[in-house]
Structures are given as C-alpha cells and as structure tokens.
Amino acid sequence: MRKPRENPYIPFDATITKIVDLNEESKSFHLDSSELRKMIYQPGQFIQVTVYGVGEVAIGITDTIYDEGFEVAIRNTGGRVTSYLHTMKVGDIVGIRGPLGKPFPMDDFKGKNLLFICAGIGFWPIRACIKHVINHREDYGKLLAIFGVRNPSLFTYTDEIESWMSREDMKVQRTVDSCSDEDCWDENVGLITSLTDDFKPQNPEDWIILCCGPPVAFKFIGESLNKNGFNDDQIWVSLERKMKCGIGKCNHCLIHGTRYVCMDGPVFTLGEARDMPGGLD
Amino acid sequence: MSEKPRVGIFGMTSCYGCQLEIINLEENILRLLDHVNISYWRLALETPSDPKNLDIAIIEGSASNQEEIEELREIRQNSKIVITIGACAALGGVQGMRNLMNNERVMSAAYSNLSGVRATEVKAIHEVIKVDYAVRGCPINKEEFAAAILHLLAGTQPPAWNMPVCNECKIKGNECFFERKKPLPHYQSRVCLGPISEAGCGARCPSNGMPCDGCRGWTEDAHVKQWIKEGLERNQTIEDLAMLVHRYSGGTKDSEIAKE
Amino acid sequence: MIPRFISQEALKEWVEHLITQFSVYAPVQEKGDYDFAKIAHAEEIAFDFDRTRMSIKGFFLKPEEKLMSASASKGDPVASSPDTSKRIIFGARPCDITALNLTDNVFVKDFYDPYYMKRRQSTIIIGIRCTEKCRTCFCGTMDSNNPLTGYDIMLTEMDTGEILIQAGSDNGEKLFRGSRHLTRQSSEEDQSLILKTFKKITETFTPDIPTTGLKAIIDLGRTEFLWKKYEKICLSCGQCVFVCPTCWCFDVKEIVGADETDFGNLDKTARIRRWASCLYKDYHTVSGGHIFMPTVASRLENYYKHKLRGIPEKFGVWGCVGCGRCVSTCPVGIDIRESLKELTGD
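Chains as they are written, first to last, in my numbering: chain E, -14 to 266; chain G, 8 to 267; chain W, 9 to 354.
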C-alpha cells in the first residue's frame, strides 16, 4: 500500500481549486494535481500540507477518493501554518506528503453495526469513514452517527449531515454543548455523552464505534459506552499529536516512549490508547 | 506589492548597538533595501525624514522616561507592524537593573546634578505598547534580524526554535562551561546561563570561549531556582547569581527568585 | 579475511596512506576533551582517547541541514543532496558503532532517509575496541561493547602492544590493498594471545548494573517517583539528548529569503532540519497552545521509556549504549546508572 517515494521529506505540489467557508473558524480546501489523483488513501489516514516558506501541518483526510482531486478541512488555530492557509486563494500552490499513518480497518468492520461519534472538528476524519460506508452500504449493518459541537454555528458540512438524516438506512443525532436563547435550536442540548448514555442497543457486541474528537472527550465517551456494555476494544479512536516528519523519525509524536502516533496510529482502539500512559492527554 | 513598505527605525534608551548591527549586514542590507523604503532612521539617514504612515516600525531600547513612553505610543499609532530589536527593548536591558534598586540612590550616584534627569522606571517596549515581534539579543544577531524582516515581508511569522542556548552550543560542539565538578575557567569565573536562556544567537559567547550571558532572556520553562542552586554549588555567591539572572531582565521579570 | 596484526608505528604509516586517498576524521585533543576532527597527519590523532565529547551521530544526522528548497509561489521543491565524497571515521568506539547500527534501523526502515543513508554509505568506519572502562561508561550492562556489524575495520590492541585487525566488510578489506606489507598475517600461535586479550576485555566489561525485569517494572507504571524526583532538579537544557548517540530527534522549519546565493529573494524558501530535544516544552506544544507533555516529569518519563522500553520492543536492543556521556554532561548530575538501579530496586 505504501509506495516508497524516493525522498519522503519532499512534498509534491497541488493547486488550490476551491475554498469553502465551513464556519467562522474553518475552511475547506479543494486541492488538485496529477500526483494527487494517483494518491490512494483510506479513511483515517492523514497528509502533511506544506505552505512553502511557512511550514507544514498534519491534516486528517476528510474525504473518500474522487476524480477531481481532494478535499481537506482546516481550522484556523492561530498557528503559523493554519492562519496563513486561511489567507490563501484559489490558484495558490501547496505541497503534499502522504498519505501517512494507519487507517481505520474498515474491511474488518464488515457485517458489523457502526456508531460514529464526531466531537467538534473530529467529524472531519470520520466523514471519510461515513462516506466510505455509504459507498459500500451493503457491507455494513445498522448505522448511527452522533455529532456534537459547542454551539449550533459550529456545525460543518451541514447540508451533507442533513442529507444523511433524510436517509432511511442511517440514523443521525446532533447535540450542542450549550446555546444562547437567540440562536438555540430544537435538537438536543447537552454534552455528547448525554446521547451516548442513552445508546443501549440489545447486542452491544455487534457494534463497532468510531470516535474522533479532543482526547479528553475520549475518556468520558469511553466511560459512557463502557456503562452500556461496550468494551474498549470495540471503540476506535483517532489520536492527535504534534508531528514534524510523519514517518516515524523525528520522535515528536512518540507517546511515552513506545508508540508513534504517525506510524502506529493515528487510529488506535481505546484499549490501546489507555494502555499508553498519557495516551489520552 | 505595488509600493515598497515604509520602514522607520527608532532608538529609545540604549547604546544603539543593535542599529549598528543592521548596518553591519553590509551587502545584505542592500538586498533588504530592495524590498523596503526607509522613511525614518535618525542614526543612518542624512536628510530629515518622516516617521508617519509606516508599515514597519523597528524599535531599539527601553522606555526609561515619560517622553519615550509618549513617543512609543505615537509610533504605534503610525505603524502597522511594530518589531523590537535587542535586549533593552525586549527585557528592559542592563539599565533595567535599576528597577531592583532605589531609583533616587542610583540617580544621585550617577549624576552630580539631578536637575535635568527625567529617568523613571525602566520598561520593556511590550509593557508600553503592543509589539508584534521581538528580535532578541545584546546585540541582535544580524542574520536573525534580516530573516525576521524577510518573513514579515513575505507575510508570515519569523521562525523561532524556542530552545535554550545549550542546543546551539552542542550543535557547534563547544566545550561545556556548566559541567559538574569541573573547575570554572579562571579567566571567566561566572556561571554559564545557557541552560535557562533563549537560543537564537548561535551560541555566540560559548563559541568564543565565554559562558552564556543570557542576553536573550529566560526560556519559557527556565528552571531558574535550580540554576541558582547549581551556581551556589560552584562557589558563587547568591548576590552574584542574582545579578547574573537579572542583568538583562531586571526591568520586567519579577525579582522574587533573587530575593529567595 | 584472516585477522592480521599491525604494529603501532605501522598503523600510523597506514593512516598517512589513507589520508592521501580520503578525508580522515579522527579523535584529537581539543579544549580539554577529545573530539573528532579532520586530520592532515597521523600525529594529530590522540591515540590515548577514551571517548569523544560528541558521538559520531553528527556525521550522519547533521546538527543542522537544509532538506530542500522551493519557490514560495510555484512550489517545485528540490531536495538538497548531501556531500557523498568518501571519508573515513578513524577511531569510532564500539558503543558509538552499536548506536549507529540502531539509528541505521530507524532511518532505513519504513521510510528511507536519503540524507542520513547517503552519508552512511559514503563513510568508512574504522573502530577501535575499548580495553578499559572509561569515565562514566557502563557499556557492558547495555551490551554495546562488542558490535558484530556496522564497522569496516575493527582494531584491538593486544597485550603485546600489537594491534589486531578484523575486517567487517569488503570495503574494509580493500582498505589494506597496497598496504599489506605493513601488516603481518596471524598464525595459529597467535590464538592464545588473542584469546587472552579478549577474555580480559570480556571480564572488564561484565554487566554491573541490574536490568533484569526492567520491562515489567516500566510496564507496571510504578516509576513516577523517579521522574518526580528528577523534575525538581532537571533544567530541561537538553544536553543529554545532544550528546546521546541514540537520540535522533529533530525539528523541521520552513524559512524564506535566506538562500546562500540569492539572499533576500522572498520567493526562495528552504526546509531546515535541526537537532531537537524531547525535554523541551516547545517540542510538545501545538498551535493553539496545547502541550501534550506539559510537565518535565512526563518528558523525562518519555525520554527514559523510549530508550529502555520502546526501542527494545521495536528493535530488540537497548536504546542506551551506556557510553555515559549524558552522565558527565548533565549540569545537575542526573545519572542514568543510578536511575537503572532505582528502577530495579537495587
């Protein structure tokens, strides 16, 4: 699967073909180049995006393969690279390295029911999984997707989520942590665990849970799911760390001396993540 | 960019050594001038110049009296980006040590006639106005200054490695001045500040046979207390050590540690 | 190759011969310590050296290097090519060679690092075996004083003062082409001499620090007392990392306009890699301000666990070669030998 490039530190170029505002702090960038179209990747993997002269940033892949190129969603965290990316325009050039990391083992999940838990921008890597499953719908059982953000204005890809809500073969639940009186809504209000607490299917062992969000949320989501009969090895999470090389050399993403998030992850089971001290920090 | 950005270079209380370092860029200063118009520089421009409508203001020195504070506020209003150069601007500098002492006593020791002296507490520039970027060091590292300007012109933040001087010192393969149980070289009996000082200078002093002076200020996670303990083990007095850690930063950093 | 012997005088003559063909780097005395430097004459070599201030890792993983240059507007990244002229490192110690074997694994496995590997392939390594323990070393414990590969020639001083030459590669054998007259072939009579010397070396480097059960103890997780203790005194200066032959952490930054030949051209960008230390806070800080390992204790734990738990699991060898450089360089006196004893409750 991994084709060794001659020099793994050198990116290939891609052109920004479209920019979409996702919410007040996030944009999605459509990228395209002949090399990019050859790129084969799987849900859960990430790429390194280079802004030449500014820096490089690791970004989870937000989409499944399509012919016109490729889409990444990026939140402006105020850092060198993401803030510069948000000033870039259609036609500008960026560099890409990847795909990197281990994906979600979607083939192993065949025949299972799937629960997707998307906390905040953790939705973006999971979005690739959801689209993959919809494209291969007959391979999987029941589907439930749970989305949680801080307030209603922070939802991204709203049209897409709403199109999933209208599907008969899939259930979608949304929640916001809190909302002020003016812009509140008629769906659930409360932490994401308020939805997972109520998730009590008859045969929990038939389910696989794919979860992405801030690591601190994994602890609470894990607890909530454990109570309802799910064990840690059914729960798959995607971890985040500072990354530089992305190829297991620079040691930035090493978790307590034993696992590289870039090479051994970013996808781990919650059990694996708990076994690494500090893994969920 | 159709028109070149307008740059002003200002000096507050300082030795003007950092501005000299800019001139010391020699050939490379011409390459910088390809990109900018210097519209105000008292040290280097012959003709009277205009400190208004600036894109970049470069400030050396600390604010040490009321006039300087007012001038700084004016510069801020007239400039899009403010960057400071040198230890005085970033930390207060050597003159900042007087904040730790009785100001009147310092003044009467320095001047015979106090009538024209307007000196007040020493302040780093960022304590007076918003600073967008600081090039540190006493004096600045001219290559680092040039890099900072080029990055700002390219519309991005200058890169910072955020490491202590030990990183650059070891990269250069220098002899360590701070090794345990090793007598301090007789010609320099003070302790090296490298482990707790911000890098970026290329370990200039240790590479030339002198312990680090800490002119770029403490690192973000400097363990100053332990450094002082280690200094005491190396037969230094607490007064000497306190003076060393506050030599450049007395004006801005709290002096709690020295008191302890 | 059947092992050969060379006299100390002839060895110098041979080195002089090598200098005519290669750049030769050897330990020299400098500022009160030994360090590798390019030599012009065999006399410059400090043959009495025990270990050098810095390990030989910097020959391959440069302290600072440009990985590529590119155009800010058009991209087109171009990789920089490392200097691959043939060179010799004369006098590498076994611990450094063991460390090199480990880092080779890292830089060739999964993804091939061309900068490191090209330098590695263009370098001939002539090792000198230690016959005595040096300063703070504990290589016997870390099983690193007898590397089986990683060198082209290994030299061992016999009790008689003669030096045994063992080739570790074809390149090593070729080095003696044209210089065979300087050496003598060993014969059966030499066997007792060789055995005697090596027996003495083995006895000198008997493991003396307990490591049994270390893996289980670390996995149990009851190690926090040690990191908390060190946290109080560690300055996070990172010196132990830079002198360590098995620390290969680096940081990468992009810069503009600093091109050597075209200074000030804002379209020219470069990617720079530089040694970094996992003990620095910035090393774990991401934009937005989150710090993944916020305390010095957690960073120290990561550092030690990588060497004593992570690397053994991945590569089957200790991540510490017991050279003892970190022990002598640490300004506050943190001693990994003491750490090992405390961890194993000795």
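Some hints here could point you the wrong way.
[Unchecked claim] In silico lysine-lysine, DSBU-like type, Cα no more than 35 Å apart, as pairs:
no.	chain 1	residue 1	chain 2	residue 2
1	E	K23	W	K82
2	E	K87	W	K223
3	E	K87	W	K46
4	W	K240	W	K208
5	W	K208	E	K204
6	G	K232	W	K20
7	W	K261	E	K87
8	W	K74	E	K74
9	W	K182	G	K236
10	G	K232	W	K349
11	W	K182	W	K223
12	W	K20	W	K94
13	W	K182	E	K227
14	W	K240	W	K207
15	E	K227	W	K20
16	G	K179	W	K289
17	W	K74	E	K227
18	W	K74	E	K12
19	W	K70	E	K23
20	E	K204	W	K261
21	W	K46	E	K204
22	W	K82	W	K141
23	W	K82	W	K207
24	G	K179	W	K141
25	W	K117	G	K232
[Claimed, not checked] Just a few of them, taken from the derived set where beta-carbon distance is under 7 Å, the chain G residues facing chain W:
no.	residue
26	L159
27	G162
28	P202
Rather than coming from a laboratory, the hints here were simulated on the basis of the structure. Where is the CB? At the ideal position from N, CA and C, for every residue including glycine.
(message) To test your reading of the hints: which numbers does this structure violate?
(response) Hints 3, 4, 5, 6, 9, 11, 13, 14, 15, 21, 22, 23, 25, 26 and 27 contradicted; others consistent.
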